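Chemist: Please take these sequences and the hints and turn them into a complete structure.
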Amino acid sequence: MRYFITFLTITTLLTSNFSFGQNSKNYSYLIDCFKNSSTEKGERTINGIGNVEEIALSSNELNETGLLYFEIPKNKKGKSLVKLAELVTNDYVITWKNNSKVLLNQKYENTNACIIDLRLHIKIENIYMQVIVINDGEKIYQIMCFRDTADDTYFNSLIVKIKEQNCL
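Residue numbers for the sequence shown follow the working numbering, beginning at 9 and rising by one.
It cannot be assumed that every hint is accurate.
[Claimed, not checked] In the DSS-like style, the derived pairs of lysine-lysine whose C-alpha atoms are separated by at most 30 Å in a straight line are:
#1 131 to 85
#2 169 to 85
#3 131 to 82
#4 43 to 82
#5 169 to 115
#6 131 to 84
#7 169 to 109
#8 105 to 85
#9 91 to 169
#10 169 to 84
#11 109 to 82
#12 84 to 147
#13 169 to 147
#14 43 to 85
#15 109 to 131
#16 115 to 85
#17 82 to 169
#18 91 to 105
#19 131 to 91
#20 131 to 87
Everything labelled a hint here was simulated from the structure, so no lab data went into it.
In this text the structure is predicted, and so the values were computed from the model without any measurement.
Modeler: Next up, the structure:
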């Protein structure tokens, strides 16, 4: 009986950890999607998050598209996925507030990640910018895309690919 209880306890622990890992939506595959790209590192301060070391990958395959990401600071990992993603999105809105118009600020949530689709019309350059912010609880990813026109078909295709966890 003692062995059975030990077996049951160990099986429960292993199954719980295995199930938890399977349910996790990890968006680190995005880094692999940009693997042939040039890489730059820099520091950035985001209100409500603080200083982060950000890595930027510009795509060789996709025109005017890039990926920025950073590790969520340990002291911020307890905050909600949505709240942290919103802080990053707000940073873009504040940066461009005098020269742009927000066209879309849409949130998509599931139990493991928050995705925000932010679209801006940068008036001074007359270009359109899409920033897709993804918080998976470990890292915050920001996919930035620039277009000469408000290409909703293209912008929508990017968000669909992200939701389905496909490379762009």
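Chemist: Now tell me, hint by hint, if it's right for this structure.
Modeler: Hints, one by one, checked against the model:
1. 131 to 85: With a Cα-Cα distance of about 36 Å, the restraint between residue 131 and residue 85 is violated, given a limit of 30 Å.
2. 169 to 85: holds, 26 Å
3. 131 to 82: Roughly 37 Å separates the two Cα atoms, so the pair is violated.
4. 43 to 82: Judged against 30 Å, a Cα distance of about 26 Å means the pair holds.
5. 169 to 115: holds, 15 Å
6. 131 to 84: violated, 34 Å
7. 169 to 109: holds, 25 Å
8. 105 to 85: holds, 28 Å
9. 91 to 169: holds, 23 Å
10. 169 to 84: holds, 28 Å
11. 109 to 82: Violated, because 34 Å separates the two Cα atoms, which is more than 30 Å.
12. 84 to 147: holds, 11 Å
13. 169 to 147: Holds - the C-alpha atoms of residue 147 and residue 169 are around 19 Å apart, at most 30 Å.
14. 43 to 85: holds, 27 Å
15. 109 to 131: Status holds; Cα separation ~7 Å.
16. 115 to 85: holds, 19 Å
17. 82 to 169: With a Cα-Cα distance of about 29 Å, the restraint between residue 82 and residue 169 holds, given a limit of 30 Å.
18. 91 to 105: holds, 20 Å
19. 131 to 91: holds, 28 Å
20. 131 to 87: Violated, because 34 Å separates the two Cα atoms, which is more than 30 Å.
When held up to the earlier numbered hints, the structure conflicts with 1, 3, 6, 11 and 20 and fits the remainder.
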